[in-house]
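In this text, residue positions in the sequence shown follow the numbering used here: the first is 134, and each later residue adds one.
Treat the hints as calculated values from the structure; they're not laboratory data.
One or more hints might be untrue.
Unchecked claim - Here are the simulated BS3-like cross-link-like pairs (lysine-lysine), alpha carbons at most 25 Å apart as the crow flies: (1) 267 with 612; (2) 267 with 618; (3) 575 with 618; (4) 292 with 172; (5) 538 with 575; (6) 292 with 575; (7) 538 with 268; (8) 343 with 268; (9) 268 with 172; (10) 575 with 268; (11) 172 with 267; (12) 538 with 618.
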Amino acid sequence: MTELEALGGADAITTGILQVFGEISRHPHGSWHEEETEKDLMDLLTGMGLSPVRDETGNLMAEVPPTPGMEDRPLLILQGHMDMVCAVRPDSGFDPLTDAPVLQVSDGFLHTDGRSSLGADNDLGNAVVLWLLKKGIPHGPLRLLFTVAEEVGLAGAAKVSPAWLEGAWGLLNTDGFHYGRAIAGSAGGRRETYQRTVETFPCSGGQSVKLEISGGTGGHSGDDIHRGRLNAIQALAGFLNGRQCSVADFSGGTAHNAIPSRAEAVVVCPTGEDLSSLRQAWADFAVQTAEAHRETDPGLRFTAVETPLPARVWTADCTRNVLDFAATLFNGVYAMHPDFPAVPGASANVGKVETEGTAVTVKAFLRCARRAEEEILAARHDGNAEAHGFVRSALSSYPGWPGSKDDPLVRTVCDAFRQVEGREMEVSAVHVGLEPSVLGAKNPSMHMVSTGPDILDAHSVDERARLDTLPRYAALLAKTIERVKREE
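Using the sequences plus the hints, can you model the full thing?
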């Protein structure tokens, strides 16, 4: 009998998982708005004969007694997050605070009605775990852990009590997006915000022009940092740095962790001749930059539009320091992962610059699997800031998960996959944050792995899950849980 047959067959498994997913997706559950989903989970767990516990943050935990005869197995935590990224289609009328995703199934996919994201990240993994336990699969001692606010800096996991992780041999996270891939490590994150006062003086004349770079591909500073895409902030700052013109405004980007696709600056040239020279230099720069990034950023646009003279412009010293700081912060891949050569191991992204009132703010994001590399990049950024008159005004971080292909729980998952699928499982790391990094820091002896069913276009209104991977993922988890043993 195959693993799928033992669980009732692919169709029955899929139907059962979708029913549970519907039960825990019937209320809005964006980050920090998971209250109704927490109640649904509490009721579901209580109905299974368990005694769930809720902490003051909203995280849930429940102990699951072992199947008789399997009491000697090591304790395994099954973990996922409750919240979702609430992407909404413009003008759809969908309100993520009051509306739940409308679930639909077609052409082999689970998706929504197109007005919102799905929330398969991560409640589909949670649904598989819950369905398996309701099914009564054999298992050793288990602990269920459901966290809140994962999508906003792993905030819920950061508040989990270390006592909830005590005694655990392993932790299996269900937040992977690719069936057939075992994630054995993830990057830590350091969200940096630097600020300095803008010194100005009255603008006495000349000609003003707004320079803008737009149409860059942009992207996620973890998933896409190694793809060589243009950072519009650094490109514009590098172009302006050292030029004979005064800056009145500089801005670009949207967030610490997003590669900036646009940036703009208002500059003032003292004479018509200087403006003509600037325009020619800008045209040459546009051609060179577009050619250098024709594969990664085919939609780049460079514009120069005359604007009314501003009332004030930055001093030469302020201009030099701001532009040089923005242009010389480390950006891109610093090092590849030593154990997973195709995956970045350390990187930085200069994500946003904004001028507001008398202050200019620069936001950057470091991602590092290993603490030593984070310390090098952090010291480099902090030193650069001090040299240019910036102070670090805000900082938040979470640790990395270095991981290992040879981790016993990773090997257990791979052995189970081989038995279920008859082929080898891919083992990799990711250059984004995952909750095992935060939870593992609270119990460093715990073995960890992350897996999941196939989820496409997460965090968007096109988010969807492949139905054919649901029963296979359920079979993989069932076999993994059954095989968990302490190594002799």
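* When you check the alpha-carbon spacing of residue 538 and residue 618, does it fall within 25 Å? -> holds (18 Å)
* Asked: Quick one, are residue 267 and residue 618 close enough, alpha carbons at most 25 Å?
  -> Given that 25 Å is the threshold and the Cα spacing comes to 22 Å, the pair holds.
* Asked: Quick one, are residue 575 and residue 268 close enough, alpha carbons at most 25 Å?
  -> violated (31 Å)
* Given the proposed pairing of residue 575 with residue 618, does the C-alpha separation stay at or below 25 Å? -> It holds: about 22 Å lies between the C-alpha atoms, which stays within 25 Å.
* **Straight-line alpha-carbon gap residue 292 to residue 172, limit 25 Å** => holds (19 Å)
* Asked: Taken at face value, is the distance from the CA of residue 268 to the CA of residue 343 at most 25 Å?
  -> violated (64 Å)
* Asked: Hey, residue 172 versus residue 267, does the alpha-carbon distance stay inside 25 Å?
  -> holds (18 Å)
* To do: Mind checking the alpha carbons of residue 292 and residue 575 for me, to see if they're no more than 25 Å apart?
  => Judged against 25 Å, a Cα distance of about 10 Å means the pair holds.
* Holds or violated: residue 267 to residue 612, with C-alpha atoms at most 25 Å apart -> holds (16 Å)
* Does the structure keep residue 538 and residue 268 at a Cα separation of 25 Å or less? -> Violated, at roughly 31 Å.
* To do: Decide if the proposed pair is consistent with the structure: residue 268 and residue 172, CA atoms, cutoff 25 Å inclusive.
  => holds (22 Å)
* Asked: Holds or violated: residue 538 with residue 575, Cα cutoff 25 Å?
  -> OK: residue 538 and residue 575 at ~21 Å, within 25 Å.
In this structure, the earlier hints numbered 7, 8, 10 are contradicted, and the remaining ones agree with it.
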